[in-house]
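Generate the whole structure from the sequences, applying the supplied hints.
2 protein chains.
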Amino acid sequence: MPLGERSGDKESRYCGVETEFNDDMPQLLSHSLSSAGFDFVVATLMDPAYRPSLMQKDSGGSGALPFAGSDLVLSPSQWSSHVVGKISSWIDLDSDDEIVRMDSETTLKQEIAWASHLSLQACLLPTPKGTSCANYARCVNQILQGLNNMQLWLRIPLLKTDDDSMDVDSNNLVDSWELWNSFRMLCEHHSQLSIALDVLSSLPSTNSLGRWFGESVRAAIINTDSFLTNARGYPCLSKRHQKLITGFFNHAIQIVISGKQVHSLPKGSTDLASNHNDSSSDGAQRHPLRPYLDYVGFLYQRMDPLPEQERFELGYRDFLQSPLQPLMDNLEAQTYETFEKDAVKYIQYQRAICKALQDRVPDEKASVITTVLMVVGAGRGPLVRASLQAAEETGRKLKVFAVEKNPNAVVTLHSLVKLEGWESIVTIVSCDMRHWDAPEKADILVSELLGSFGDNELSPECLDGAQRFLKDDGISIPSSYTSFIQPVTASKLYNDVKLHKDVVHFETAYVVKLHNVARLAPTQPVFTFTHPNQPTMKSNQRYKKLQFEIPSDTGSAMVHGFAGYFDATLYKDVHLGIEPLTATPNMFSWFAIFFPLRTPVFVCAGSSLEVHFWRCCGPTKVWYEWGVTSPCQSPIHNSNGRSYWVGL
Amino acid sequence: MPLGERSGDKESRYCGVETEFNDDMPQLLSHSLSSAGFDFVVATLMDPAYRPSLMQKDSGGSGALPFAGSDLVLSPSQWSSHVVGKISSWIDLDSDDEIVRMDSETTLKQEIAWASHLSLQACLLPTPKGTSCANYARCVNQILQGLNNMQLWLRIPLLKTDDDSMDVDSNNLVDSWELWNSFRMLCEHHSQLSIALDVLSSLPSTNSLGRWFGESVRAAIINTDSFLTNARGYPCLSKRHQKLITGFFNHAIQIVISGKQVHSLPKGSTDLASNHNDSSSDGAQRHPLRPYLDYVGFLYQRMDPLPEQERFELGYRDFLQSPLQPLMDNLEAQTYETFEKDAVKYIQYQRAICKALQDRVPDEKASVITTVLMVVGAGRGPLVRASLQAAEETGRKLKVFAVEKNPNAVVTLHSLVKLEGWESIVTIVSCDMRHWDAPEKADILVSELLGSFGDNELSPECLDGAQRFLKDDGISIPSSYTSFIQPVTASKLYNDVKLHKDVVHFETAYVVKLHNVARLAPTQPVFTFTHPNQPTMKSNQRYKKLQFEIPSDTGSAMVHGFAGYFDATLYKDVHLGIEPLTATPNMFSWFAIFFPLRTPVFVCAGSSLEVHFWRCCGPTKVWYEWGVTSPCQSPIHNSNGRSYWVGL
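Protein sequence lines, in the order shown, are assigned to chains G and D.
Residue numbers for the first sequence follow numbering that gives the first Met the number 0, beginning at 0 and rising by one.
Residue numbers for the second sequence follow numbering that gives the first Met the number 0, beginning at 0 and rising by one.
Because the hints were derived from the structure by calculation, they are not lab data.
Among the hints, erroneous ones may be present.
Chain copies aren't distinguished; within one or between two, either way the pair holds.
[Said to hold, decoys possible] The calculated lysine-lysine pairs, modelled on BS3-like cross-linking and capped at a C-alpha distance of 30 Å, are:
1) Lys340 with Lys543
2) Lys500 with Lys620
3) Lys354 with Lys470
4) Lys108 with Lys620
5) Lys108 with Lys537
6) Lys128 with Lys500
7) Lys537 with Lys571
8) Lys108 with Lys238
9) Lys544 with Lys128
10) Lys512 with Lys108
11) Lys543 with Lys108
12) Lys543 with Lys512
13) Lys571 with Lys543
14) Lys544 with Lys108
15) Lys543 with Lys128
16) Lys417 with Lys354
17) Lys128 with Lys259
18) Lys537 with Lys128
Now the structure itself:
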């Protein structure tokens, strides 16, 4: 049964147990699930004594392979819901001994074939024995090419020696992530190859651990040896372990308890968490690993409830969306509806407008001077409302022009103005701001044309067009904005882009709620635009070269692309943005943007990453190009905007 | 006019001259071509004083760009045959100064547009100014996307500091190949981006130079400063320079003379080479660079004539062919015809058979013992003939079975036997050797089933099948064979494979006459097969891990794939093969094989390359898989033989 409940989390979390070989599968299942409360077993499928090279001599071809039970001993749904197949741990495909290699390949293929026959959801592949894993990877890669839906979990110990300097010349593997990386590169990022992490008693640095959250980790195996003992004699985990497990829960990673009971509980003790009321647990012998399961359940249940906004956005996690083309396309009502609900954003706008109004008109002249404010891209009116509220709040007199190019939104604007009785203050202009012939000049120009990457919805081009009707000393809100990027590991996003099997999708930027992602370095600013664009109208083309230093305790890392954000100065100290360190809290209008790389870039521990971003402008479109020049050269992505562009 | 003639070479070689800006193009052309004998000029297209940022203020939009002449001053064919456009050398797209960057981009695009308008064959792009060239590459890459047939020659000085250790921490570029490599990687190996090498007075090491022969070098620019002076006061080149120029001629690389006259010739001297009889040269002023052209012509004319075999194979150079499937398909008569002409091969076979016959039957029993020899895969009979000649040469008595599965070849065999009167000695068997029920066992089994990679035409599987009818102490000719590989730079082959835009072609091995290729390390053996395959029939699956050390004076290099060869021991010391160091001279039956890499692998100076090759066997096919694991991990190529296989 699932690990209790966490308030607001719809997905359940499960906990399994790793078992020894037992050819009585029903007994094994009943002992581990019904009586102990585990959700699934990670069970050895084949007698560990089996070696194909010995069999051939003995059996004469008539014998069945020594699997644990036939497919009939459990129901199909029991096999597929409750059993993860554990591949024989003795196999060593990169052994120097050719017979061992051959035996290993035969056994691996037989066991996977058996597991497929049983429709298991996953098999656990043993950790590669040495630092070299090419033949193992070749064999697994062959299997993956013809596999049904089964996942293969490669077991990787969570291991990294942080003091790399000592081992720099030795052949000892100091970072198990590199072993995983070699294996998956050889298997070409296959989406059915994922990871089961062996959590050991000591943990690598936080930066090093962080990398795994950008990888396809499906299970975390916690050995009973990794548990501490609390004052009452019960198993518990260190603070760092607890934090890690919480991270696993947040990333839908299943927990597996492994090993022998190493905590002897005080007699007659009750369960730490009392939500397990199995009828069988009284009579049958208590499962020795039950206290560990209880502790894991306790960790899950005491997690903070998911905030409402996060809960709402669960379905968007790591889901690639094409950015809007608000200039070429008209937004739909639903889109306006969603964005208008973002109260925080409009509060910031209102604060900025208040300050601008106060700067524009001193208190003593508030009743005589009328400020001309133009909302360019008024949509269905939220900024008109914010402007009028700011005028009211500051006691300034206001004349508002609401300029909107979408005739459908203009309909709503008209009814809003009528409904609110704003007819004397607000003039609605159904026109593209770039072509409007304004009857007078504005003191304040207010717009919300920003995309996830700031300028990516062509705010600069629109505002340059609107600048004609802003007074020379007029104010633009926003007054400036800057885009930011950072390199990320994002194997899920990479695989989702790769599914399309073309270059176009690898040269497109996506709007995405980043979750299964490792942020490898602090963000850096890319392009800045300032409004009004003066004194001479500066070109909106931009070029930026950036150098990212990945913290040395991270170890080596794989860069699948760049996460992009923006921060905008609305007016003076009032800002708005999604750059992680400075993000405006509780604002939900923007997810991040993701610029993929056609070939993931491996960055060696301690080395830096050099990347170039261009913003290019043509007569009918604007586009980005990007490319990596260190540690290796990627092709320039999206040359001439061939794959992705924003229409003018 | 072309550089005289070299015996047997059908292609002409040309020599051009780099000129200063001159807006009288007809005069420039007449001076350089008609009166001096150069074949083309590398001419600056735009007034060097031009800067777009200055123009805008001055001209007011009405002025024409300051190009050298209008398109009408030369005929279209003069433009396209005799002029290479030289792009303004001041441009610097990676300048820190934004105005310089913008001016450079504008000018570059204007000049390329002009050169395209004139249908020039090529433009010479100036050397990147610093070590960083990303913005330059981005701009050139944009141009390449929409370019007509014009080539862009990036000018690269032939420069490499061999003592890397001193500069390891500095930012000084010590290897101009790396600059080229960065640039072309950013431009994604575009086939219209090629190289013009600036040959300087001192040359890098031979290994370092060798890399360029795997790249797309179109021109070599030799500055007059690089010439020495011979005893008679004439310009000449050092031995190493001469060898390099000869190499350029062999690779159809055009020569360009650049610079000022630095050799003042003795008065009244005659031409070193007297093949230039221009009528205009008496009256007009003699071109100051004529002696350099004469010397280059002299170097070309004194080259050894191309051997007949090489001449025959000219058309096959760097041309990708799919390997034969001789087991699944029957060869055509033309193919037999070609292979039978390879006298050297059959002489080696005859020598091997002689030795085997002598070992089998001592001289004193020559007249009483009849040796049973089976030719398996007899084709149209060349090995039958070689066997009978060996019997005659050694005075041994022979009984021959000629086994052939191709019924069309069997027709020819029958008529051959009748024609030669061999009916009493030779029995023809129309059957696949793997299924033949032989009436007796053979003393000697002779076959020629080898492909360019040895076992790649399934010789092991065929001979394992034929082994049933070989006596226990019988001899197989060949008795063993080994495949070899070495990493190569082969940008032309890479681009030809890439043209197909699919994975299949990158996972196929090709038979190819390697020419435009740099061999980066000595070959290493891969798979060995021995016949008879005893005592227990060993599996024909193989796995080999290889580590290549690229000589440190080579510098960094790009690996586009692996060249493959074989060497076979026919019998005892008689061998046959195409492995470059030990290749049988004057044998033409086999070109090399080429295993491409889906993504070229960059190997840093002094580091090694680790590669894995597998020979995999299934019930109906045999295939190779391959992959690189160091310095980075490639995907495993051709998993399960999905792209390339040989049918059983």
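Run the structure past the numbered hints and jot down the numbers of the failing ones, going up. Hints 1, 6, 8, 10 are the ones this structure does not satisfy, whereas the remaining hints hold.
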